[in-house]
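Whenever a hint applies, use it, and build me the whole structure from the sequences.
2 protein chains.
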Amino acid sequence: MKVLVIGGVAAGTKAAAKLKREDPSAEVLLLNKGANISYAGCGLPYYVGGVIHDKAELIVNTPEKFAMLTGVTVQCGVEAISLDRAAKTVTARSLQDGTESVHSYDKLVVAVGASPVVPPIEGVGLKNVFFLRTPEDAIALRETLESGEIRRAVVVGGGYIGLETAENLAARGIRTTVLEMLPQILPGFDPELAEYAENRLADKDIMVFTGEKVNALVGEERVERVQCENRKMKTDLVILSTGIRPNTAWLQDSGLEMFKGTLLTDLHGRTNDPSVWALGDCAMVHNLITGESAWSPMGSTANIAARSAAKNMAGAECDYLGVLGTAVCHLPELNVGRTGLTEAQAAAAGFDAVSATCVVGDKAHYYPGSGEFIIKVIADRSTTRLLGVQVLGAGAVDKVVDVAVAAIAMKAALSDLANLDFAYAPPFSTAIHPFAAAVQILQNKLSGALVSVTPAEYKAGKAEGYRVVDVGMQPSIPGADWLDLTAIGGVVPGYAVDEKLLLVCAKGKRAYLTQNRLRHYGYTDTLVLEGGVTVNGSELVK
Amino acid sequence: MKVLVIGGVAAGTKAAAKLKREDPSAEVLLLNKGANISYAGCGLPYYVGGVIHDKAELIVNTPEKFAMLTGVTVQCGVEAISLDRAAKTVTARSLQDGTESVHSYDKLVVAVGASPVVPPIEGVGLKNVFFLRTPEDAIALRETLESGEIRRAVVVGGGYIGLETAENLAARGIRTTVLEMLPQILPGFDPELAEYAENRLADKDIMVFTGEKVNALVGEERVERVQCENRKMKTDLVILSTGIRPNTAWLQDSGLEMFKGTLLTDLHGRTNDPSVWALGDCAMVHNLITGESAWSPMGSTANIAARSAAKNMAGAECDYLGVLGTAVCHLPELNVGRTGLTEAQAAAAGFDAVSATCVVGDKAHYYPGSGEFIIKVIADRSTTRLLGVQVLGAGAVDKVVDVAVAAIAMKAALSDLANLDFAYAPPFSTAIHPFAAAVQILQNKLSGALVSVTPAEYKAGKAEGYRVVDVGMQPSIPGADWLDLTAIGGVVPGYAVDEKLLLVCAKGKRAYLTQNRLRHYGYTDTLVLEGGVTVNGSELVK
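Chains A and B, in that order, are what the protein sequence lines are. Each residue of the first sequence is one higher than the one before, counting from 355 in my numbering. Each residue of the second sequence is one higher than the one before, counting from 355 in my numbering.
Relax, there's no trap hidden among the hints.
Note that the list lumps identical chains together, so a pair holds whenever it fits in one copy or between two copies.
Okay, derived cross-link-like pairs now, DSS-like style, lysine-lysine, Cα gap no bigger than 25 Å in a straight line:
hint	residue 1	residue 2
1	Lys-863	Lys-419
2	Lys-863	Lys-372
3	Lys-816	Lys-861
4	Lys-419	Lys-861
5	Lys-861	Lys-372
6	Lys-854	Lys-816
Since the hints were made in silico from the structure, they are not lab data. As the structure is a computational prediction, the values presented were derived from the model and not from experiment.
In structure tokens:
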């Protein structure tokens, strides 16, 4: 069997290596455009920040070492330029001398990745305007930073890579601003949590402007100013992180089915041509919940899909059911993670989505370094199937996400999860695990034990007409009356039992306890503000 | 409804508080023996080590604050001494003045906890011999340590609390030795992994002696020596951490069913008397996999079981299906965690257990602070249902455990888990998640793609007669021939194709790759040593 692999970063190398293990008699040729194969794309922001010291660390494998280890033949500096599906050949061109070569295959793997989208604006060619996609990009960017001439930087694009880069720039003492064209940063998070993250970034001197379109980069030789729709700002450096586009232009007329330039595949990673597989950032996979095609241009997806596809190429029958849109991102004192569907996505997929947002401890409160998670749990109302989780906090958000990944994949209902025997010791967790605690709060909401508004509902005016009552341990909301839970022993003077009361505390828990007691004494229309002042801010009185 | 709760640490306070929320009209009286309620038992070793500075941190709630917050009536300094089930009364005695009081109930919650087992040996009453069960114990111990007179300490008992205490003593610069009567420390871990942990503790100057029975503590006024079966050792301090026993002597003739002094309960937390619930360290719960009664004297179980039982007492019908024996423990540069069944437990429960032990990265290898996990995955051979996980490493072992908890609870098979979309970014994980990687390795083993011996099988002699071949990147096994994977292009001179070869590398991965290539060239009897030199040590040549 003659297998041709086009592309050698994550998906291409993984597919080639695994295929040679599954079928050592296969003849595998890997063509790679760049000089480096198998580099650590996800590590680039950390090289920029100096967290990763040595550029050699970015290269996972050299072509020579990879070939020796795997038995795959590797050619670098070769770009595929056309596919003849009938003849089963790919024509490639040498980047050194422009010579063309034709390579035949029995099975073809397209793993050509994606390239940065260059925004159609003036000034992108100025000096000190960077993309961050390859080791070369990162090395050039860090050299510029180390020149000592950069005091201000603008990152255009508030996705994960943009924000990781902003964190690493700020950590070097550079005044960093993030501009995002969409109404929020952090795609995949519900807006109210993205806004929370924006505020925390501002606390760390990373200013974020959303809904802000960049019209031009301005400067003489090097970039000096960013011209936006609503403002202009001085800068010494611009990083364009405005998305990526699959490198599939050469396949446009191939007859391979695509969606917006991304190759469509089946559960085996195969395109509509049974001899052609597509993997990595140039290919679609599937959403594990909805079964629909999904784009997941992540190193993790590339590896997992490639491994599965290689087994299928070697004759196995194993479906790769797909992704959950999982992501995790390290920000200054605020990690953010998510998996599954957002509320909006869940509704779009036909679920009757219900959510709870809560603030829970990440470790035993008395253990040094303990902090809080903000967790939003989303489930289907009728089945209580868990659909999605979003979590923010200084601690191990990845743990909460990973538990949710397993639970969602196994179609767990809330009652399957609320009482699980998760790992507990003070350095690691709380006696009732933060994930379980969040699940329990959503259960309380569904059972009616908790009557609440979410931060999103609150922003949308669902508590309009309710009187804000500060029920925190101490008064903390300017202008609101304070009510002490422990003093409630009946109807409270000044509060009619049918008055609309919005109960607000620091996190939501004390408001829940207060609601419980007020209801016992006949109060009929109280609402707990989920996430309290922590998530919603203290400017609550309208 | 009149509810009487006996005991007010974790289970008692949780049950009482939750019940008052579920049914605010319930009249709940909580009797507590000590002066403190709701203290942080799991935090005591960290107070001893000074990781938790202030003793006030150990007290989660005062009786007064708890009563105000919950509406529960609390009496401290009162010990239950007898139960009259027919009359539905409990007689209690004041510890201050010895007066007795009789309390009637509609529903009774027994949450009296457990007390340290006092070993029946000479010298346990000497000065500087401590238990570590209550805040008072921890405060007295730390005062003694801070006197500056303690240079050596012996911890008797190699369970979780004993080891956490040993870590905290060592961190204070005290020469610490752990003595364990059983053949291994870390109950719930398979022996080969416990032995690995023993060696790592020795590297950190915490000496561990297993199979070592203490016969006497010797000294004039204060303890000066520990007299064991096989050795004696000087010490300035002894901590007895030899287990706990439920405080149920007063119920011996009550007719409540027990197993070794622990109250048996149903899935609602109810004893054989329908008016009596039992929760926390004095009660049994169930094993989630086997359904059998299980003892889980942990703060987490106490909270979860109490919450569920309170709902049932208030009229709900919710089963608490139980525990997985989950545990996590912080040791010096080696966290250890486990959940589910060990190989031996799985076999005893009727499963055809199969396992894989592997060494995988805990974060992107180039990210600072990255390290390795040793993960042992246990599954049922025919169904490939995941049954248990044990994990050791400097990183977030709790994450791997928690994912396994969700997976085991949902009865996941290996194929449900191998390709999941777990959270990946370099500061958090590897592109193929360590848990998924471990699952994949066990899949390879079950499919025959990997032919291996486990560390336990190796110790038991299963590779007897095999020639040890060092297949690491560089030679590292004294006396063994070294074979370079990348140089294998056919039958290797000096190695007959039918020779029995045990392939050993650093972690197991390169041995797997080597085996794959050797098999391709006709080798018929090779074995990979799982976990390689990392788990098995380098003294492999017999």
